[in-house]
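Trainee: Listed below, chain by chain, are the residues.
There are 2 protein chains.
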Amino acid sequence: MFVILVYDTAAERNPKVLKTCRKYLHWTQRSVFQGQLSAAQYRSLMAALTAVIDTDYDSIVTYTARSPELIDSHTLGVDLGGPGDIL
Amino acid sequence: MFVILVYDTAAERNPKVLKTCRKYLHWTQRSVFQGQLSAAQYRSLMAALTAVIDTDYDSIVTYTARSPELIDSHTLGVDLGGPGDIL
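Residue numbers (the numbering used here), protein chains in the order written: chain A, -3 to 83; chain B, -3 to 83.
Hints may contain errors.
Because identical chains cannot be distinguished in the list, a pair is counted as satisfied if it fits within a single copy or across any two copies.
Here are the simulated lysine to any residue pairs, SDA-like style, with alpha carbons at most 20 Å apart [as the list claims (entries may be wrong)]:
id	residue 1	residue 2
1	Lys15	Arg62
2	Lys12	Arg26
3	Lys19	Phe(-2)
Hints are computed from structural coordinates only; laboratory data are not their basis. No experiment lies behind these values; they were computed from the predicted model shown.
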């Protein structure tokens, strides 16, 4: 599946969230990651993030689609994620 | 079309970016908006944002799908956008 992940977490937990997301996804821009994951990898990422965040305070939203072809991506301004992360 | 918009812009331009996005989309969490737009509304939003950002420095990424049914949304932790923004 194709995954877009955005996080809004307390500053002190950001490094752990970043590190966890980087294991599974490509960095797109500040607090945004994207990539292709299997269902098992997605579950594993969600479990790892649940262990790292404070679920009473932090927020992580994922948008998933069966295939990247279902989603068009467009960048206005600078492409921070670099050519390796273009859909 | 269904639109997810994420922005990474200089702090001094964030208020204008926020204001522009709020005219067209629902706030999801820090630097993330989502919503349904017509193709004309989407073009209008992109034109308005191009006028507001510094395209040599700022970055705005949009992910669009023909229909919200093609994208599953899941929140881990707090749902900051509130019930009105749940897909």
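Trainee: Against each hint, give a clear statement of whether it holds in the structure.
Mentor: Comparing the hints with the structure gives:
no. : hint             : result
1   : Lys15 to Arg62   : neither (25 Å within a copy, 32 Å between copies)
2   : Lys12 to Arg26   : both (14 Å within a copy, 18 Å between copies)
3   : Lys19 to Phe(-2) : within (15 Å within a copy, 28 Å between copies)
In summary, the one numbered hint that this structure violates is 1.
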